[in-house]
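Novice: With these hints in hand, go ahead and build the complete structure from the sequences.
Protein chains in written order, with the numbering used here: chain R, 292 to 517; chain X, 1114 to 1956.
Since the hints were derived computationally from the structure, they do not count as laboratory data.
These numbers come from a predicted model, not from an experiment.
For glycine and all other residues, C-beta sits at the position ideal for the given N, C-alpha and C.
One thing to keep in mind: the hints can contain errors.
DEER-style ranges, computed between Cβ atoms [as the list claims (entries may be wrong)]: (1) X:N1126 to R:N366: 36 to 44 Å; (2) X:E1401 to R:E494: 28 to 36 Å; (3) R:D306 to X:K1421: 29 to 37 Å; (4) R:K311 to X:I1377: 52 to 60 Å; (5) X:R1519 to R:D306: 40 to 48 Å; (6) X:K1875 to R:Y304: 22 to 30 Å; (7) R:N497 to X:I1428: 53 to 61 Å; (8) X:K1421 to R:L516: 21 to 29 Å.
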Amino acid sequence: MEILRTVNLTKNYKDGNGIKTVLHDINISINRGEFIGILGPSGSGKSTLLNLIGGLDKPSKGEVYMENERTDNLNQSKLAIYRRRRIGIVYQFYNLMSNLTVEQNILLPLLMDDKEPDIELYGKIMDIIDLKERLNSFPEELSGGEQQRVAIARALINKPSIVLLDEPTGNLDRENRNKIFELLKYSNVAFNQTMLIVSHDEEIVNKTDRMIQIEDGSIIRDVSLR
Amino acid sequence: MKLYDIYTKNSLNRENKRLKTLQITIFLAVIAFSLFILLFGTIVRNSQERSEKRAGDFHTTILVDLDSEKVDILESNVNIKKLGYLRKNGIEKGFNNKFSFNICLGDKNYINTMNVVLSEGELPSKEKEILIPKMTAKDLNLKIGDYLNTTDKNSTRHDYKITGLIDDNTRSWEKEIPIYVYTASNTLKNNGDGVMIWYKNIRDTYKETPKLYKILGLDYEKALNKGDVGYNFPYLSSHFVNSDDISVGMSSERYPKIFMIGLILIGGFFVIIIKNIFSVWEKSHIREYGLFLSVGAKKIDIVKLTIKRLIKIAIKPILLGITAGMVLDFFIIKILNKYYVLSQMNMSFENIEDLKFIISPLLILLILVISILILLIASLSPVFKLSNLNPVDSMKLYRSDNKTSRKAYKLRGNNFVGDLSKINVKKDKKKTLISILAISISLLLLGVVLALSSGLDLELKYNTPDELSYYNYKISYLNPQGIPKNLISELTNNFEEEYISYRKHEFYIELSNDYEEILDQNYLRELYPKYVENSKYEELGIDLIGIESNKFEEIIEKFDLKLEDFSKGNECIVVNTIPIDSTEPYSKLKYTNAIDENIKELRLNVNASSFEEKSQGFDLAVLGYSRDPNILKVLQSRNSLIAIMPMNNFISTLNKLDTAADVFNEETLYLKLSEDTRLEEIKNKTKEYLNIRDLEFFNRENLYAFESNSNKLLYSLIFIVTGFIAIVGISSSYSATNSMRESRKQEFVLLQIIGIDKKTLKKLITREVNYNMIFIVIISIVFLLISSYIGSTAYDSFKIFDILLNMKIYIWLLYLLLIYIIFRRNYLKSLKDIELTINSRIM
Chain R
292 MEILRTVNLT
302 KNYKDGNGIK
312 TVLHDINISI
322 NRGEFIGILG
332 PSGSGKSTLL
342 NLIGGLDKPS
352 KGEVYMENER
362 TDNLNQSKLA
372 IYRRRRIGIV
382 YQFYNLMSNL
392 TVEQNILLPL
402 LMDDKEPDIE
412 LYGKIMDIID
422 LKERLNSFPE
432 ELSGGEQQRV
442 AIARALINKP
452 SIVLLDEPTG
462 NLDRENRNKI
472 FELLKYSNVA
482 FNQTMLIVSH
492 DEEIVNKTDR
502 MIQIEDGSII
512 RDVSLR
Chain X
1114 MKLYDIYTKN
1124 SLNRENKRLK
1134 TLQITIFLAV
1144 IAFSLFILLF
1154 GTIVRNSQER
1164 SEKRAGDFHT
1174 TILVDLDSEK
1184 VDILESNVNI
1194 KKLGYLRKNG
1204 IEKGFNNKFS
1214 FNICLGDKNY
1224 INTMNVVLSE
1234 GELPSKEKEI
1244 LIPKMTAKDL
1254 NLKIGDYLNT
1264 TDKNSTRHDY
1274 KITGLIDDNT
1284 RSWEKEIPIY
1294 VYTASNTLKN
1304 NGDGVMIWYK
1314 NIRDTYKETP
1324 KLYKILGLDY
1334 EKALNKGDVG
1344 YNFPYLSSHF
1354 VNSDDISVGM
1364 SSERYPKIFM
1374 IGLILIGGFF
1384 VIIIKNIFSV
1394 WEKSHIREYG
1404 LFLSVGAKKI
1414 DIVKLTIKRL
1424 IKIAIKPILL
1434 GITAGMVLDF
1444 FIIKILNKYY
1454 VLSQMNMSFE
1464 NIEDLKFIIS
1474 PLLILLILVI
1484 SILILLIASL
1494 SPVFKLSNLN
1504 PVDSMKLYRS
1514 DNKTSRKAYK
1524 LRGNNFVGDL
1534 SKINVKKDKK
1544 KTLISILAIS
1554 ISLLLLGVVL
1564 ALSSGLDLEL
1574 KYNTPDELSY
1584 YNYKISYLNP
1594 QGIPKNLISE
1604 LTNNFEEEYI
1614 SYRKHEFYIE
1624 LSNDYEEILD
1634 QNYLRELYPK
1644 YVENSKYEEL
1654 GIDLIGIESN
1664 KFEEIIEKFD
1674 LKLEDFSKGN
1684 ECIVVNTIPI
1694 DSTEPYSKLK
1704 YTNAIDENIK
1714 ELRLNVNASS
1724 FEEKSQGFDL
1734 AVLGYSRDPN
1744 ILKVLQSRNS
1754 LIAIMPMNNF
1764 ISTLNKLDTA
1774 ADVFNEETLY
1784 LKLSEDTRLE
1794 EIKNKTKEYL
1804 NIRDLEFFNR
1814 ENLYAFESNS
1824 NKLLYSLIFI
1834 VTGFIAIVGI
1844 SSSYSATNSM
1854 RESRKQEFVL
1864 LQIIGIDKKT
1874 LKKLITREVN
1884 YNMIFIVIIS
1894 IVFLLISSYI
1904 GSTAYDSFKI
1914 FDILLNMKIY
1924 IWLLYLLLIY
1934 IIFRRNYLKS
1944 LKDIELTINS
1954 RIM
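Specialist: What follows is the structure, given as structure tokens:
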């Protein structure tokens, strides 16, 4: 079942030399439960694509549909709700609020909505991330890998339509990178969670189910890897 | 190293906006220092010029009969720079005139000190050349170049050539006029009776003078007790030379303390603000410094880099600040002079010196040094932290400043905004505190200024006795002769208008009167012990007042007495009132009686028993008591009783005393005339009867010109200082909010990414602002109380709550409101800074 669709998605930016087109007529369709890797070199537009899908930026042209609802023309208020309830985002850096504990960081999207977590889901996520003893710790007390696990838990806690991950392992060593990827893979299978992971690392992307390769703002390859 | 220079240059270019806050604060700090130091320099210089004008520039005078041995001792003393020899040569009678002249011989150095009072002509430089008071020359119809002829006690004639006229306050009736005769040093070295000393180092004055006394065979302690040691206190004090043992009560004695306190207060204030801004700014570069360390830089390189960067940032605002400070100083002095000169008009010296605009290289250097010192002190803590930087920690995304374990606070969905804002405020407690401290200190300074202003207002309203509240003109006649009745008759339209004319002298009620008997029993029990403790005398003070007979008759009618009842000469009426608490403001004084009204006799003395000089007392017969402290309708001393008698009796009583001062040579005439009477008319009428030299005229305007213009001066200063504090406080509000905003930017972006909407974010930010403001308000209330306390110590007739309730609180509240508006506006500006469309790429 299709969960996300973009239609002629284009994004331009003004820079010192005039207008730069970062994304050019991107058309993709993503089904529920897919684990997709977006590959591309630095500056290819992959992070921009993620931001447009996540409602963090507005396209210069084109449309974004999430579960058949157009999202690119939502107002600020509705976009905030959209991100809170239907998107989970994990970045390479600065994922956590430094003044909140691990548990509070994980529950943040639910607390914004004044909702209680799904107990069963919460328990499963806690098992997956394996940080039960650190729930009252603060971000600076955690290692890089632990911080990313917390960020992933937060991205999963509100059962989003899609989880967007922008170089989530870029900051980690090989061991932690593998651990995180395994965690993502597990979540994808266990919760049938649609995931879109952006990376410049081919090794990571090759482990996903489908690879979309972007270069100079255009899709040059979209293949299934299963 | 070139790399660091490139880094510094680039970072300064790219962080222009952020730097502006720091630079503006440094600029304001330097202006504050410049103004303080330059104005202080102006006031000190003015004080020094005034003291030199009044008293000359010598350091001390020693009265000693000179001979060659003593002269050798003095001239060989290595600490002495210059000596001036003098001699009081006794009285010579004027030839063909009624004056006597007190001949003062002096050598060149002594005569040169008269330059400050030289009104016309030149200083004498040859034998028999003299200086004479201007008014005496006028009386004798002499001018410069003429000769004054005298005969001495041996009937030898002297002819003195007048080379110069000096200002002198002798009255028309004073017959012994001082004249200053040039005499060669060599002559005076053999027969002089005094020496004026200038030390090489003025600071040696109090140390070396006692030693000199000893070497010259004189008793320093005795001379000190008698008041015969001729220290030039005004000059010495104005040059910051004060004795530990002798307090002369000059305001300039307090200058060094005031200067240090001012520097510390202003310096401390700006150290906190600058440290705060600088600290936050440098923190934002910690990861970069970590990078430097990780690629091979030394910690000392980082420290040098930081200090170099601060100096580069600070150079322009320091130079601009000094310039702006000088310009502002110029205009402030112009404003102050407008009131300062007027405020000095009632002082006795004719030539009032304006406050001068002073710029000297030394002052500029002082400002520069202090500014740099402040910057270095402000940077100490951040630089110290940087020098202990751990490269690994500095590169971390999340750093904790708090080494102790951190407490977790609750975060609930149904109070998300409230809980999250509280968490942020509590977690950032230290940062918040430092930011708010700078604002709070400006509130304290503002509070102190408002408290002093409040105290001044209360003082003027309730504690400044209005000498002309009932009468509207006052004539002071400084002459032992009485004011003629004809003049009073003419001035008062044949005694139709109200008037009173009297002379006054202070006395003590001797202890030989049995105080247990003479005092009212209630007063004796409850108030007398307090009086003794506060005044340090056991004797009660009493002012004896001699009133012109017509008026006196009028007053005693109420007592069913006549003038004839006062024929023996020692009869009086006692105004038997004394304040219950003399520390209360004048307008709130409550009175009680002190003397038992059955007592018929009191013995008075001009000196208290504790005085070294003993004098004979005299008896007064008390014919009646009055309970009206305002019986004369002119406010009298609040700490003394009053005894009134006819003027003639007063004069003859005082003439019998051999130690009474010639203070009673002043008669004061108060007049209550119609409002359309002009002071010029009064002056003209009076001049027909009396010598203008012996007169001073006052009306309501000029009597209080001194106070009124001094107060306007003070108010102007208060206004300027308040304005400046407000500007600095507002600037520090901006910098505090900017720095707090900067540190929260990433978190606000993250919250938006996770899904907080702008409205909720605005609520969150507003809530945080409100918490900060509550904190500021609580601190400011405490500071308000502290300020009131300071105000009540400066104006000690008023209590803390008197000062507080009279403060112009609306200024305070307005200032708080302004800070709140700035806080809120600045914080909410964050909403623009954290637009996702701009910031999404930086995640």
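Novice: Taking 40 to 48 Å as the hint, is the beta-carbon distance of R1519 (chain X) and D306 (chain R) inside that range?
Specialist: For R1519 (chain X) and D306 (chain R) the Cβ distance comes to about 42 Å; the hint holds.
Novice: For the pair D306 (chain R) and K1421 (chain X), does the Cβ-Cβ distance stay inside 29 to 37 Å?
Specialist: holds, 33 Å
Novice: Does the hinted range 53 to 61 Å hold for N497 (chain R) and I1428 (chain X) at CB?
Specialist: holds, 57 Å
Novice: The hint says 21 to 29 Å between K1421 (chain X) and L516 (chain R); measuring C-beta to C-beta, is that right?
Specialist: This hint is violated: roughly 55 Å between Cβ atoms.
Novice: For the pair K311 (chain R) and I1377 (chain X), does the Cβ-Cβ distance stay inside 52 to 60 Å?
Specialist: holds, 57 Å
Novice: Indicate whether the distance between the beta carbons of E1401 (chain X) and E494 (chain R) respects the range 28 to 36 Å.
Specialist: holds, 31 Å
Novice: Evaluate the given range 36 to 44 Å for the C-beta pair formed by N1126 (chain X) and N366 (chain R).
Specialist: holds, 38 Å
Novice: Taking 22 to 30 Å as the hint, is the beta-carbon distance of K1875 (chain X) and Y304 (chain R) inside that range?
Specialist: holds, 28 Å
Hint 8 from the earlier list is the only one contradicted by this structure; the remaining hints agree with it.
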